[in-house]
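Please build the complete structure, drawing on both the sequences and the hints.
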Amino acid sequence: MKKWILTLISIVSIAAAVQAQKIYSTKTAIVSFFSHTPTEDIEAFNNQTISKLTDKGLVSFSLLIKGFRFENELMQEHFNGKDYMESDKFPKAEFKGNVTNIATVRFDKNGNFPVVVEGNLTIKGITKKVSAKGTISVNNGKVLAKSVFNIKIKEFGLTGKDIGSIIANDMKITVTSKYD
Amino acid sequence: MKKKILIGILVAIIAGAIGVWYFVFYKPTHFRRSVESEAALTISAKDIVKEFQTNEDSAYAKYNNKAIEVSGIVQQATTDSTGTTILLLSDDPMSNVSCRLKTVENNIQSGANITVKGLFTGFIGDVQLNEAIITKK
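Going down the list, the sequences are from chains A and B. Residues in the first sequence are numbered from 432 upward in steps of one, following the numbering used here. Residues in the second sequence are numbered from 237 upward in steps of one, following the numbering used here.
Simulated from the structure, these hints should not be mistaken for lab results. Here a beta-carbon is modelled for each residue, glycine too, at the ideal position from N, C-alpha and C. Treat each hint with caution, since some may be false.
Stated by the list, open to error - Lysine-lysine pairs mimicking DSSO-like chemistry, simulated, CA-CA at most 27 Å apart:
{"no.": "1", "chain 1": "B", "residue 1": "LYS240", "chain 2": "B", "residue 2": "LYS298"}
{"no.": "2", "chain 1": "B", "residue 1": "LYS302", "chain 2": "A", "residue 2": "LYS520"}
{"no.": "3", "chain 1": "A", "residue 1": "LYS523", "chain 2": "B", "residue 2": "LYS240"}
{"no.": "4", "chain 1": "B", "residue 1": "LYS298", "chain 2": "A", "residue 2": "LYS520"}
{"no.": "5", "chain 1": "B", "residue 1": "LYS372", "chain 2": "A", "residue 2": "LYS523"}
{"no.": "6", "chain 1": "B", "residue 1": "LYS282", "chain 2": "B", "residue 2": "LYS302"}
{"no.": "7", "chain 1": "A", "residue 1": "LYS577", "chain 2": "B", "residue 2": "LYS302"}
{"no.": "8", "chain 1": "A", "residue 1": "LYS555", "chain 2": "A", "residue 2": "LYS577"}
{"no.": "9", "chain 1": "B", "residue 1": "LYS302", "chain 2": "A", "residue 2": "LYS513"}
{"no.": "10", "chain 1": "A", "residue 1": "LYS523", "chain 2": "B", "residue 2": "LYS286"}
{"no.": "11", "chain 1": "A", "residue 1": "LYS520", "chain 2": "B", "residue 2": "LYS338"}
{"no.": "12", "chain 1": "B", "residue 1": "LYS338", "chain 2": "A", "residue 2": "LYS609"}
{"no.": "13", "chain 1": "A", "residue 1": "LYS603", "chain 2": "B", "residue 2": "LYS338"}
{"no.": "14", "chain 1": "B", "residue 1": "LYS263", "chain 2": "A", "residue 2": "LYS513"}
{"no.": "15", "chain 1": "A", "residue 1": "LYS520", "chain 2": "A", "residue 2": "LYS573"}
{"no.": "16", "chain 1": "A", "residue 1": "LYS555", "chain 2": "B", "residue 2": "LYS302"}
{"no.": "17", "chain 1": "B", "residue 1": "LYS298", "chain 2": "A", "residue 2": "LYS513"}
Claimed, not checked - Distance windows between CB atoms, simulated:
{"no.": "18", "chain 1": "B", "residue 1": "GLU274", "chain 2": "A", "residue 2": "GLU502", "range": "16 to 22 Å"}
{"no.": "19", "chain 1": "B", "residue 1": "PRO329", "chain 2": "A", "residue 2": "ALA451", "range": "17 to 23 Å"}
{"no.": "20", "chain 1": "A", "residue 1": "LYS434", "chain 2": "B", "residue 2": "LYS298", "range": "45 to 51 Å"}
{"no.": "21", "chain 1": "B", "residue 1": "PHE259", "chain 2": "A", "residue 2": "GLY542", "range": "50 to 56 Å"}
{"no.": "22", "chain 1": "A", "residue 1": "ASN551", "chain 2": "B", "residue 2": "TRP257", "range": "43 to 49 Å"}
{"no.": "23", "chain 1": "A", "residue 1": "ILE454", "chain 2": "B", "residue 2": "ASP293", "range": "35 to 41 Å"}
{"no.": "24", "chain 1": "A", "residue 1": "ASN570", "chain 2": "B", "residue 2": "GLU341", "range": "22 to 28 Å"}
{"no.": "25", "chain 1": "B", "residue 1": "PHE261", "chain 2": "A", "residue 2": "SER596", "range": "15 to 21 Å"}
Structure (C-alpha cells):
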C-alpha cells in the first residue's frame, strides 16, 4: 500500500515536472547543407523541418530526406539514390539532444545566448553523437535558434564514389529554427 | 570519300558534345519535374492523414513519389525568402498536411478552404508535400 502511494506520488510529480517545461515548436525550421570543392558547390534546403525546444534544454529536429530541394534536379536524384541517401529506404533524419548550458539562456529576456548542443544524429539509420555550437536568440518571447556544424558524411554510410573529389568529405550543416 | 567520312565523324562528335552538354549541364538546371502538368491523386487533408495513421506502409506504397492534390482548411501559413509553407488541418490537432509552395504567397488566411497540388515527400507525423502550387482558393 505504502509502495503504491509512493509510486502514485512520483508519477504525479514527474507529470508535473514535464508539464512545467515550456515547449517551443515549429514545423518550418530550415536545414541546409553545403559542400564546397574546386569542381562544384552543392547546396540544398529543407524548409519543412519539425523542431521542438524546451526551456529545460531538450531539443529535437526531424526531417524528410526527400524534402531537400536542389537547384539542380540531377543532383537531387543522385542525392536520393542508392549511393547516397537511399531515401526510399531511409526516409527520415533526426536529431535529439540537449542544450548543455541551458541555464545561461534567459527566455524571459531579450538577447543572444551562445549555446552548446550535444546529442544523437541519425542519418540513413546510423546514429552518431554530435556536438555543435549555436545561438538562441530571444526577442519579446519569440525564440530563434541557429547553428552551423560539420559532419563527415562517410560516417553515415554514404558510399558514392564522388565523395572526397566532387563532393566534400565534410558537409556543412546550417540550422535555422524560428519557433512559433 | 575520305572527306565524307571525316565530315561524318565531325558531325557525330559535335552532336555528341551538344548532347552531353544538354543532358548533363543544361537540362538538370533548366527543367524540373513540374507538378502543373502531372495527373494527381485527389484527397482531403483529413483523409490522407487518417490513411497514414491507420497503415503507414500501405499509404507510402500508394503515394510515394506521386503528385497529390489535397484540400483542407489552412491552420497556418509561414513565409520565408524562398517560399511559403501551408499547414492544412486534419481531424487530429497534432497531425497536419504540410505543403511547401514553390513561390511566396502572402495572402493566405488561416481558416480558408484551399486546394494545393504538390509532390509527396513523406510522412513524419505530418504528411509533407513539396514543390507545390495552389490550385483552388
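Hint by hint, here is what the structure shows:
1. B:LYS240 <-> B:LYS298: Distance of about 55 Å is beyond 27 Å: violated.
2. B:LYS302 <-> A:LYS520: Since the Cα atoms of B:LYS302 and A:LYS520 sit roughly 16 Å apart, the hinted pair holds (cutoff 27 Å).
3. A:LYS523 <-> B:LYS240: violated (57 Å)
4. B:LYS298 <-> A:LYS520: Distance ~15 Å between B:LYS298 and A:LYS520 Cα, so the pair holds.
5. B:LYS372 <-> A:LYS523: violated (30 Å)
6. B:LYS282 <-> B:LYS302: Since the Cα atoms of B:LYS282 and B:LYS302 sit roughly 18 Å apart, the hinted pair holds (cutoff 27 Å).
7. A:LYS577 <-> B:LYS302: Since the Cα atoms of A:LYS577 and B:LYS302 sit roughly 33 Å apart, the hinted pair is violated (cutoff 27 Å).
8. A:LYS555 <-> A:LYS577: With a Cα-Cα distance of about 24 Å, the restraint between A:LYS555 and A:LYS577 holds, given a limit of 27 Å.
9. B:LYS302 <-> A:LYS513: Cα-Cα ~19 Å, so holds.
10. A:LYS523 <-> B:LYS286: Holds, at roughly 20 Å.
11. A:LYS520 <-> B:LYS338: Given pair A:LYS520, B:LYS338 holds - Cα atoms ~26 Å apart, limit 27 Å.
12. B:LYS338 <-> A:LYS609: holds (20 Å)
13. A:LYS603 <-> B:LYS338: holds (25 Å)
14. B:LYS263 <-> A:LYS513: Distance ~22 Å between B:LYS263 and A:LYS513 Cα, so the pair holds.
15. A:LYS520 <-> A:LYS573: violated (37 Å)
16. A:LYS555 <-> B:LYS302: holds (22 Å)
17. B:LYS298 <-> A:LYS513: holds (21 Å)
18. B:GLU274 <-> A:GLU502: 16 to 22 Å: holds (21 Å)
19. B:PRO329 <-> A:ALA451: 17 to 23 Å: holds (22 Å)
20. A:LYS434 <-> B:LYS298: 45 to 51 Å: 50 Å Cβ-Cβ, so the 45 to 51 Å window holds.
21. B:PHE259 <-> A:GLY542: 50 to 56 Å: Taking Cβ atoms as reference, B:PHE259 and A:GLY542 lie about 52 Å apart, which means the hint holds.
22. A:ASN551 <-> B:TRP257: 43 to 49 Å: Given range 43 to 49 Å: holds, Cβ gap about 44 Å.
23. A:ILE454 <-> B:ASP293: 35 to 41 Å: violated (30 Å)
24. A:ASN570 <-> B:GLU341: 22 to 28 Å: holds (25 Å)
25. B:PHE261 <-> A:SER596: 15 to 21 Å: holds (18 Å)
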